[in-house]
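Peer 1: Protein chains in written order, with this note's numbering: chain V, 1 to 371; chain P, 1 to 371.
Hints are not guaranteed to be accurate.
It does not matter which identical chain is used: a pair holds within one copy or between any two.
[As the list claims (entries may be wrong)] DSBU-like mimics (lysine-lysine), calculated; alpha carbons at most 30 Å apart, straight line:
#, residue 1, residue 2
1, Lys99, Lys310
2, Lys103, Lys310
3, Lys158, Lys39
4, Lys178, Lys168
5, Lys168, Lys345
To be clear, the hints were calculated from the coordinates, so they are not data collected in a lab.
What you are looking at is a predicted structure, and each value in this text was computed from that prediction instead of being measured.
Number of protein chains: 2
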Amino acid sequence: MKSVISVDIPQNPYDVVIAQDAIDHVGAWLSNHEQPLVKPGQKLLVVSNPVIFRHYGDRLVQSLESVGYQVSTCILPAGERYKTLRSIQKIHDAAYDAKLERKSAMVALGGGVIGDMTGFAAATWLRGIGVIQVPTSLLAMVDASIGGKTGVNHPQGKNLIGAFHQPKLVVIDPQVLKTLPPREFRAGMAEVIKYGVIWDAELFAALEQTDRLDQYRYVEGELLQMILTRSCQAKAEVVAQDEKESGLRAILNYGHTIGHAVESATGYRVVNHGEAVAIGMVAAGKLATALNLWSRDDDQRQYQLIEKTKLPTAIPSQAGAEALIALLQGDKKVEDGRVRFILPKAIADVFITDQVSNQDIRPVLAAMTTP
Amino acid sequence: MKSVISVDIPQNPYDVVIAQDAIDHVGAWLSNHEQPLVKPGQKLLVVSNPVIFRHYGDRLVQSLESVGYQVSTCILPAGERYKTLRSIQKIHDAAYDAKLERKSAMVALGGGVIGDMTGFAAATWLRGIGVIQVPTSLLAMVDASIGGKTGVNHPQGKNLIGAFHQPKLVVIDPQVLKTLPPREFRAGMAEVIKYGVIWDAELFAALEQTDRLDQYRYVEGELLQMILTRSCQAKAEVVAQDEKESGLRAILNYGHTIGHAVESATGYRVVNHGEAVAIGMVAAGKLATALNLWSRDDDQRQYQLIEKTKLPTAIPSQAGAEALIALLQGDKKVEDGRVRFILPKAIADVFITDQVSNQDIRPVLAAMTTP
Ligand SMILES: NC(=O)c1ccc[n+]([C@@H]2O[C@H](COP(=O)([O-])OP(=O)(O)OC[C@H]3O[C@@H](n4cnc5c(N)ncnc54)[C@H](O)[C@@H]3O)[C@@H](O)[C@H]2O)c1
Ligand SMILES: NC(=O)c1ccc[n+]([C@@H]2O[C@H](COP(=O)([O-])OP(=O)(O)OC[C@H]3O[C@@H](n4cnc5c(N)ncnc54)[C@H](O)[C@@H]3O)[C@@H](O)[C@H]2O)c1
Ligand SMILES: [Zn+2]
Ligand SMILES: [Zn+2]
Numbered sequence: 001m002k003s004v005i006s007v008d009i010p011q012n013p014y015d016v017v018i019a020q021d022a023i024d025h026v027g028a029w030l031s032n033h034e035q036p037l038v039k040p041g042q043k044l045l046v047v048s049n050p051v052i053f054r055h056y057g058d059r060l061v062q063s064l065e066s067v068g069y070q071v072s073t074c075i076l077p078a079g080e081r082y083k084t085l086r087s088i089q090k091i092h093d094a095a096y097d098a099k100l101e102r103k104s105a106m107v108a109l110g111g112g113v114i115g116d117m118t119g120f121a122a123a124t125w126l127r128g129i130g131v132i133q134v135p136t137s138l139l140a141m142v143d144a145s146i147g148g149k150t151g152v153n154h155p156q157g158k159n160l161i162g163a164f165h166q167p168k169l170v171v172i173d174p175q176v177l178k179t180l181p182p183r184e185f186r187a188g189m190a191e192v193i194k195y196g197v198i199w200d201a202e203l204f205a206a207l208e209q210t211d212r213l214d215q216y217r218y219v220e221g222e223l224l225q226m227i228l229t230r231s232c233q234a235k236a237e238v239v240a241q242d243e244k245e246s247g248l249r250a251i252l253n254y255g256h257t258i259g260h261a262v263e264s265a266t267g268y269r270v271v272n273h274g275e276a277v278a279i280g281m282v283a284a285g286k287l288a289t290a291l292n293l294w295s296r297d298d299d300q301r302q303y304q305l306i307e308k309t310k311l312p313t314a315i316p317s318q319a320g321a322e323a324l325i326a327l328l329q330g331d332k333k334v335e336d337g338r339v340r341f342i343l344p345k346a347i348a349d350v351f352i353t354d355q356v357s358n359q360d361i362r363p364v365l366a367a368m369t370t371p
Numbered sequence: 001m002k003s004v005i006s007v008d009i010p011q012n013p014y015d016v017v018i019a020q021d022a023i024d025h026v027g028a029w030l031s032n033h034e035q036p037l038v039k040p041g042q043k044l045l046v047v048s049n050p051v052i053f054r055h056y057g058d059r060l061v062q063s064l065e066s067v068g069y070q071v072s073t074c075i076l077p078a079g080e081r082y083k084t085l086r087s088i089q090k091i092h093d094a095a096y097d098a099k100l101e102r103k104s105a106m107v108a109l110g111g112g113v114i115g116d117m118t119g120f121a122a123a124t125w126l127r128g129i130g131v132i133q134v135p136t137s138l139l140a141m142v143d144a145s146i147g148g149k150t151g152v153n154h155p156q157g158k159n160l161i162g163a164f165h166q167p168k169l170v171v172i173d174p175q176v177l178k179t180l181p182p183r184e185f186r187a188g189m190a191e192v193i194k195y196g197v198i199w200d201a202e203l204f205a206a207l208e209q210t211d212r213l214d215q216y217r218y219v220e221g222e223l224l225q226m227i228l229t230r231s232c233q234a235k236a237e238v239v240a241q242d243e244k245e246s247g248l249r250a251i252l253n254y255g256h257t258i259g260h261a262v263e264s265a266t267g268y269r270v271v272n273h274g275e276a277v278a279i280g281m282v283a284a285g286k287l288a289t290a291l292n293l294w295s296r297d298d299d300q301r302q303y304q305l306i307e308k309t310k311l312p313t314a315i316p317s318q319a320g321a322e323a324l325i326a327l328l329q330g331d332k333k334v335e336d337g338r339v340r341f342i343l344p345k346a347i348a349d350v351f352i353t354d355q356v357s358n359q360d361i362r363p364v365l366a367a368m369t370t371p
């Protein structure tokens, strides 16, 4: 099984390859083009964290060296709290030590944290060298590795520092998800459900037909290949139409408006990103239902998918409705003081609106708050 | 007198406006487009250094506020040694405090150091917000402010960290050069002479007809307006044809190959950048003459312009020929181990070659070294 999705970004098109044992073929795929994506003999800097590198580092390095690349590594501590400019400096130092040149590249082996940092370090080294994404978390596979958003956190806020920098290639090996902690797997599945709701009714239907969605072992094999392929295809289509988020790309923030507020209100300690998105999708669904914009039936179908993935559907008690509303007002996505919501109309059909008032939001949040 | 040069970079075209008292009109020009470059009412962060801000800050801020922008400032210490990621963090902190949004912008008021840093901070805040360049040194006017190269230094090397980020507008007020230290003025003039040699024979001829080129007061007025206009036009034409330096843009490095080596060999303390470029142009001219690629007469004409500007023409005794050759081998512009030179064939006609051997270079450097 091998799927190849093209991300048709004008000027910077690239492929997402999804295949079993892909990790052993990265070197071949990088070098085996008529125009090799990176010239064999060139230098590659692999960036990862200790856990992931221990699992998959040797195989990746071996695959790269076997076709003649000169490989160096930069291993950073794991965790979102290391997603800082300080870590970028460490990658830059490693790039300097490895004597990377304009035609060298970096390879991100890890989840979204490693992917975002490596992408940003590559975007800013010698004014931009190539980056290859080898995502190892479900979230990074279906979301973070595609679309060229890269960056780090500012002490005062997430992802405030960054740049757009498209990868040269994204390589996905579904089997690495075997070692991903189950909670991280479910978090990624929240984004998969999102693609079903905003873009792909067949994906949505396929997810509905599955008994369980909460663990790797229930979906591995063909089903997982299909889930990854359709999710990456959805993301690829959206970003190809709107690379820099001037319009359409905003729909990828479905579930994220309230989701971000929940993450922030609970100090990023109670729910992870995917869980927050799940809660945000439930809220968006309820809001759309209350405004008579979509059917109670579709809302129910979305809700059941989220439940089946064992993702949370209620707002944690630590986050009060009024605190959430205040946070929504301070959100990056606010334009001219109005909160922008992505709301569903039907499965695979959402729209962007700034016509939602606090009076509309308040009862939805109240109903979802665990007492 | 007002010249407007368009920099026709695909996707990101912008204007360079050169006019007397331009500093008082930046606000008007930003807002007075059918599509304002930055919407009045938006936030602008002016970045400068204490010396320059003392001279021109009030006028610029006044011009911006008078048309309704909300202006904040970020004043960084002067000097190349502050061109670091640390300063970028300070600009980011100021951007956070000023609550800049995606449609806000930064305004660089200063020489190339402030321009490069502000451009890079804007490139990396919220994945890229607008930047307006108001260059105040001659070098920044004719070179650094145009073309979108932005960045900072790595502890191990100049400009290793950076990004391409085109400005929305470049505003040049020639009269601010009155306060520029004369040595900085001459440094900028080296780049002006460079444009004459690589691109614009009429500019070259006009410079030849001038008695003195070493101080602002000998060129101010119409002559200066013409020098700035033709220099910016040259830079604009080159970068419009090759935004990311994949080919043609390399000719802008005329005089810079050996120039960089001289700067580096003398620890960036003996000659400044423009002086190094002057020395580099003399060396390139002598090299081309020795290889019978251009005429002794043209070489003499170039030499006289450099002398008339009171720029150095000899290699400082601190830099030995062998040390320079070693540095050339380590230069960023080396590809596959060969040094790339830009050599002149005639006035306004240069070419790129990697066919120059160390045997060719050695006698030229020896002849230019002050004993
Ligand atoms: N660039 C984008 O478009 C985009 C989109 C969404 C999210 N993000 C960013 O992605 C980050 C979140 O990504 P994430 O959820 O992958 O987090 P993460 O990178 O922190 O990975 C989650 C955890 O799983 C571990 N892990 C990853 N793969 C593993 C594997 N195969 N085996 C064992 N352990 C593994 C990691 O070490 C980490 O502890 C956030 O910083 C977010 O801002 C970026
Ligand atoms: N981005 C590019 O394409 C590009 C091109 C060339 C150079 N550069 C960069 O530009 C920098 C050099 O620029 P620079 O020569 O302007 O140096 P600079 O910015 O340090 O300015 C030189 C000195 O002149 C002072 N000054 C500037 N304008 C003044 C004025 N009007 N009145 C009084 N004092 C004034 C400054 O405070 C400083 O002390 C380097 O860092 C170089 O890497 C960038
Ligand atoms: Zn997300
Ligand atoms: Zn220069």
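Peer 1: Please go over all the hints and tell whether each is borne out by the structure.
Peer 2: Checked hints:
1. Lys99 <-> Lys310: Neither. Shortest intra-copy (47 Å) and inter-copy (38 Å) distances fail the 30 Å Cα cut-off.
2. Lys103 <-> Lys310: neither (45 Å within a copy, 39 Å between copies)
3. Lys158 <-> Lys39: between (35 Å within a copy, 26 Å between copies)
4. Lys178 <-> Lys168: within (26 Å within a copy, 48 Å between copies)
5. Lys168 <-> Lys345: Neither, since 35 Å and 38 Å both go past 30 Å.
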